[in-house]
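Undergrad: Take a look at the letters that make up each chain.
Number of protein chains: 2
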Amino acid sequence: MDGRGALTMLKMEDGALRKQLEFLIELDRLKTIVRQSRIVSHSRRENSAEHSWHLAIFALVLADHAVVELDALHAVRLLLVHDIVEIDAGDAPIHSSTADKDGLQTAERNAAKRIFGLLPQDQGERMDAFWREFEEAKTPAARFAKALDRLQPLLLNVMTDGGTWTENAVTEEQVVERYGPTIEAGSPALWTAARKLVAHHFAERRNL
Amino acid sequence: MDGRGALTMLKMEDGALRKQLEFLIELDRLKTIVRQSRIVSHSRRENSAEHSWHLAIFALVLADHAVVELDALHAVRLLLVHDIVEIDAGDAPIHSSTADKDGLQTAERNAAKRIFGLLPQDQGERMDAFWREFEEAKTPAARFAKALDRLQPLLLNVMTDGGTWTENAVTEEQVVERYGPTIEAGSPALWTAARKLVAHHFAERRNL
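Just so you know, the sequences run in chain order F and H. Throughout the first sequence, residue numbering follows the numbering used here, covering 1 to 208 in sequence. Throughout the second sequence, residue numbering follows the numbering used here, covering 1 to 208 in sequence.
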């Protein structure tokens with residue numbers, strides 16, 4: 001029996017649970033979406049599923065540093081959901097110069113419609129609302145989640161000889177410009193610390 | 001600059017944030033802990049970080065099927081934390097016959113002490129309490145989380161030609177015995193569905 005046979009079997013089940021299990025099986029594909037960041041061991045690049053787990057723990061641990069008091073578990077929920085659209089739309093590297101922003105937004109909206117559409121309607125709409133809340137970054141939880149989504153790859157780069165910065169010849173000024181506003185909007189305290197790490201990293205590189 | 005240099009830099013920061021960032025960087029190692037289950041694409045085995053993400057989404061999506069009403073986000077929190085001890089203690093395969101249960105428990109307790117001990121004391125104690133709540137499986141959220149931790153590899157096996165069951169020549173009766181009680185204790189509805197998938201899988205195999 002292959003996977004398709006099992007999915008056919010799931011179709012024999014009635015009601016919401018069948019749809020929920022199909023959705024959860026579809027999500028497994030996020031484990032195959034490879035990001036640019038390397039994991040700390042340097043052994044390989046990170047995938048979007050393990051990245052999402054790491055970010056969810058960042059939210060649990062760092063919530064007290066947010067610019068305003070917020071519901072840490074709601075930020076966790078946004079981060080668990082935020083990259084699911086990459087199953088169809090792929091990961092958009094921060095240092096890519098060829099990004100087609102409009103095309104990407106359309107691809108992500110279509111992905112959200114297809115993937116969250118696998119769920120029972122009310123639940124799919126709630127998941128879609130979490131994803132949109134993250135994307136729009138208008139609520140405190142979403143702004144904090146976005147800040148962590150920038151802070152985590154910054155830390156991985158610092159831990160892996162500059163990672164994607166070194167690979168793409170990104171300057172200290174470009175790092176400050178590309179990471180700073182998003183991190184600072186969610187947590188000035190985290191940006192103060194991250195800025196020091198970035199300064200230290202580039203000072204070390206200049207001394208090589 | 002290597003990772004150690006960056007950690008030394010973090011030590012220059014004062015207070016709680018330095019400890020929290022060191023903890024979060026240490027957690028990156030969970031991405032290198034490889035489980036027995038294969039991901040749905042069959043391409044490789046799953047790691048414990050992406051497994052934890054998948055389970056957290058299982059909890060968000062399936063909470064209404066729990067045996068009693070519970071706080072889904074608390075179950076999410078338990079699942080985000082539940083495998084962190086594997087960074088030191090490794091993953092214990094369900095179908096291994098050589099498991100040293102007492103030795104494993106000691107290794108996991110020591111791992112929890114070391115890893116959660118990286119955090120500021122009060123936060124480390126809270127994380128340790130989440131991990132112990134999961135392990136003890138006495139609260140509704142923990143029992144539900146444990147049920148999902150059995151359901152997810154069951155689904156992956158069904159989707160990958162029997163996965164670890166086929167590799168280890170595990171029988172249908174052994175599957176029922178090893179997965180059933182834990183899933184049923186958290187969610188009779190999920191066990192009813194999973195039992196049907198298991199029956200279908202083994203019926204298909206007999207017809208090969």
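If you're looking for bench data, these hints aren't it; they were derived computationally from the structure. Hints should not be assumed to be uniformly reliable.
If chains are identical, the list can't say which one is meant, so a pair holds when it fits in one copy or spans any two.
As the list claims (entries may be wrong) - Okay, derived cross-link-like pairs now, DMTMM-like style, lysine to aspartate or glutamate, Cα gap no bigger than 25 Å in a straight line:
hint : residue 1 : residue 2
1    : 19        : 71
2    : 196       : 22
3    : 19        : 69
4    : 113       : 64
5    : 19        : 64
6    : 196       : 100
7    : 113       : 136
8    : 113       : 100
9    : 113       : 177
10   : 113       : 88
11   : 19        : 184
12   : 19        : 204
13   : 101       : 69
14   : 196       : 108
15   : 19        : 102
16   : 196       : 125
17   : 101       : 133
18   : 19        : 125
19   : 196       : 71
20   : 101       : 161
21   : 113       : 135
22   : 196       : 136
23   : 196       : 26
24   : 196       : 102
25   : 19        : 161
Undergrad: Now tell me if each hint is right for this structure.
TA: Now for the hints, and whether the structure bears them out:
1. For the identical chains of this complex, residue 19 and residue 71 are inter-copy neighbours only, at 22 Å across copies versus 29 Å inside a copy, given an alpha-carbon limit of 25 Å.
2. Only between protomers do residue 196 and residue 22 lie at most 25 Å apart by alpha-carbon distance; the minimum there is 15 Å, versus 45 Å within a single protomer.
3. Only between protomers do residue 19 and residue 69 lie at most 25 Å apart by alpha-carbon distance; the minimum there is 21 Å, versus 36 Å within a single protomer.
4. In this homomeric assembly, residue 113 and residue 64 come within 25 Å of each other (Cα to Cα) only across copies, at 23 Å, whereas the closest approach inside a single copy is 34 Å.
5. For the identical chains of this complex, residue 19 and residue 64 are inter-copy neighbours only, at 14 Å across copies versus 37 Å inside a copy, given an alpha-carbon limit of 25 Å.
6. In this assembly of identical chains, the alpha carbons of residue 196 and residue 100 never lie at most 25 Å apart, being 32 Å within a copy and 46 Å across copies at closest.
7. Taking the shortest alpha-carbon separations for residue 113 and residue 136, only the intra-copy value of 17 Å comes in at or below 25 Å, while the best inter-copy value is 39 Å.
8. Taking identical chains as interchangeable, the C-alpha atoms of residue 113 and residue 100 lie at most 25 Å apart only when both belong to the same chain, with a minimum of 20 Å there against 47 Å between chains.
9. Taking CA atoms no more than 25 Å apart as the test, residue 113 paired with residue 177 passes in neither setting, with 32 Å inside one copy and 39 Å between copies.
10. Taking the closest pair of Cα atoms, residue 113 and residue 88 come within 25 Å of each other only inside a single copy of the chain (11 Å); across copies the shortest separation is 40 Å, beyond that limit.
11. Proximity of residue 19 and residue 184 under a CA criterion of 25 Å is satisfied inter-copy only: 20 Å between copies versus 39 Å inside one chain copy.
12. With identical chains, the CA atoms of residue 19 and residue 204 are at most 25 Å apart between copies only, with a shortest distance of 22 Å across copies and 52 Å within one.
13. In this assembly of identical chains, the alpha carbons of residue 101 and residue 69 never lie at most 25 Å apart, being 32 Å within a copy and 42 Å across copies at closest.
14. Within a single copy, residue 196 and residue 108 get their C-alpha atoms no closer than 34 Å, and across copies no closer than 35 Å, so neither meets the 25 Å cut-off.
15. Proximity of residue 19 and residue 102 under a CA criterion of 25 Å is satisfied in neither setting, with 31 Å inside one chain copy and 40 Å between copies.
16. Taking CA atoms no more than 25 Å apart as the test, residue 196 paired with residue 125 passes in neither setting, with 41 Å inside one copy and 29 Å between copies.
17. When the C-alpha separation of residue 101 and residue 133 is checked against a cutoff of 25 Å, the pair qualifies only within one copy, where the shortest distance is 18 Å, while the shortest distance between copies is 44 Å.
18. Only within a single protomer do residue 19 and residue 125 lie at most 25 Å apart by alpha-carbon distance; the minimum there is 14 Å, versus 38 Å between protomers.
19. When the C-alpha separation of residue 196 and residue 71 is checked against a cutoff of 25 Å, the pair qualifies neither within a copy, at 28 Å, nor between copies, at 39 Å.
20. Taking the shortest alpha-carbon separations for residue 101 and residue 161, neither the intra-copy value of 29 Å nor the inter-copy value of 40 Å comes in at or below 25 Å.
21. Taking the closest pair of Cα atoms, residue 113 and residue 135 come within 25 Å of each other only inside a single copy of the chain (15 Å); across copies the shortest separation is 37 Å, beyond that limit.
22. For the homomeric pair residue 196 and residue 136, neither the shortest alpha-carbon distance inside one copy (28 Å) nor that between copies (42 Å) is at most 25 Å.
23. For a Cα distance limit of 25 Å, the shortest separation of residue 196 from residue 26 across copies, 20 Å, qualifies, whereas the shortest one inside one copy, 40 Å, does not.
24. Taking the shortest Cα distances, residue 196 and residue 102 never come within 25 Å of each other, neither inside one copy (34 Å) nor across copies (45 Å).
25. With identical chains, the CA atoms of residue 19 and residue 161 are at most 25 Å apart between copies only, with a shortest distance of 21 Å across copies and 44 Å within one.
Checked against the numbered hints above, the structure violates hints 6, 9, 13, 14, 15, 16, 19, 20, 22 and 24; every other hint is satisfied.
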